[in-house]
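2 protein chains.
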Amino acid sequence: MWASPFSRRVELALKLKAIPYQYIEEDLPNKTPSLLRYNPIHKKVPVLVHNDKPVAESMVIIEYMDETWENNPILPRDPYERAMARFYAKFIDDKLLPTLAKLGQTAGKEKEETIEEIHEQLKILEDELKGKQFFGGQRIGYLDIVAMILAWLHLAGEITGQKILSAEKFPLIYEWIERVMKMEVVNECLIPEEKLR
Amino acid sequence: MWASPFSRRVELALKLKAIPYQYIEEDLPNKTPSLLRYNPIHKKVPVLVHNDKPVAESMVIIEYMDETWENNPILPRDPYERAMARFYAKFIDDKLLPTLAKLGQTAGKEKEETIEEIHEQLKILEDELKGKQFFGGQRIGYLDIVAMILAWLHLAGEITGQKILSAEKFPLIYEWIERVMKMEVVNECLIPEEKLR
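These protein sequence lines are chains A and B, in that order.
Residue numbering for the first sequence follows the UniProt record's numbering, beginning at 1 and increasing consecutively.
Residue numbering for the second sequence follows the UniProt record's numbering, beginning at 1 and increasing consecutively.
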């Protein structure tokens, strides 16, 4: 399922940690018996299968990988920084993603209000980037992986012309997007632009 | 805010880890300036303040505590068991809690369907208890803290007479509730029964 940002998170984490893996694509309208066997509760991608044992839920998978393979750590070492990374990751998943999902379902005044709400949420992430190269500090990390949805939002804006994420309003997020999109490993885990068009 | 199950989770984790703390109750309709300062994004309880630095979101707080104070670990040590504890904790928060919240808002056939859905979700947790004393195995842990909502559901059923969580249908959950409610530390972190009536 190439369009799943959650699968792309896991793929990016695997690449950042240089863990060899086999990628199996699922066609969600025609779920394979192995997807149903490995994720019987949610029946969704992504699922990581390691030693024939499945782990589901993208952020649970990434924490599992980071604890299982010690090289190239993804979460910060300091407990307080780890807590902040988890806090803002949860903010993106529980607050920003539902507001972005509302965008396509609204029109007129309601749409304007949704955009206003997205701007308020982006402001919180903009502030989090102050004085930093990446959300993870000096190097790409846990929160950068989750925040990759901002790069998708930027790409979608380039195509549709509806630029919610402007360089004027959110200069630090904009620089961050330029910085991560120059990284080969990130580009390999974005939706191919020709599929978006 | 004594009625917040999320605050009670943090309190139970503090007690299980024997961390001394000061409990400050918030009256949510009249939020204090310190709540707004320590949790400006969500303006909600619970917030743990340690070394004058705030951590919000109950599960983020508990992971922070477990990483900061090593005694009486709450999360399992094995990475796969940790992943499973986090997976089912997320299942309770993202699936079971929203279904329980629907209960009070529905009636008639819709209510029956909601109860059916809750039963399916409880069955998943019942299966998770097979061969175990606690969700955490031999001792109370991370998933037990999150699952404490089942004890609340049981207490609410005793009072309202609407017993969704029957001993016949869910014998393992029922035994687990009896087991945890015998623990003094758990009883100190449940809603006082007289406040429920």
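By construction, these hints were calculated from the structure, which means they are not laboratory data.
Check before you lean on any hint, since a few could be wrong.
One copy or two, it doesn't matter: identical chains are merged, so the pair holds either way.
Unchecked claim - Taking lysine-lysine pairs in the DSSO-like style, the calculated list, with each CA pair at most 30 Å apart, reads:
#1 Lys169 with Lys90
#2 Lys43 with Lys109
#3 Lys53 with Lys109
#4 Lys169 with Lys182
#5 Lys109 with Lys15
#6 Lys109 with Lys182
#7 Lys90 with Lys53
#8 Lys163 with Lys31
Okay, the hints, checked on the actual structure:
1. Lys169 with Lys90: within (23 Å within a copy, 34 Å between copies)
2. Lys43 with Lys109: Between copies only: 27 Å across, 36 Å inside.
3. Lys53 with Lys109: Intra 48 Å, inter 39 Å, cutoff 30 Å: neither.
4. Lys169 with Lys182: Only inside one copy: Lys169 and Lys182 sit 22 Å apart there, 56 Å across copies, limit 30 Å.
5. Lys109 with Lys15: Answer is neither: 42 Å inside a copy and 49 Å across each miss the 30 Å cutoff.
6. Lys109 with Lys182: So Lys109 and Lys182 fail the 30 Å test inside a copy (37 Å) and across (55 Å) alike.
7. Lys90 with Lys53: Cα proximity of Lys90 and Lys53: in one copy and across copies (25 Å, 19 Å).
8. Lys163 with Lys31: neither (35 Å within a copy, 36 Å between copies)
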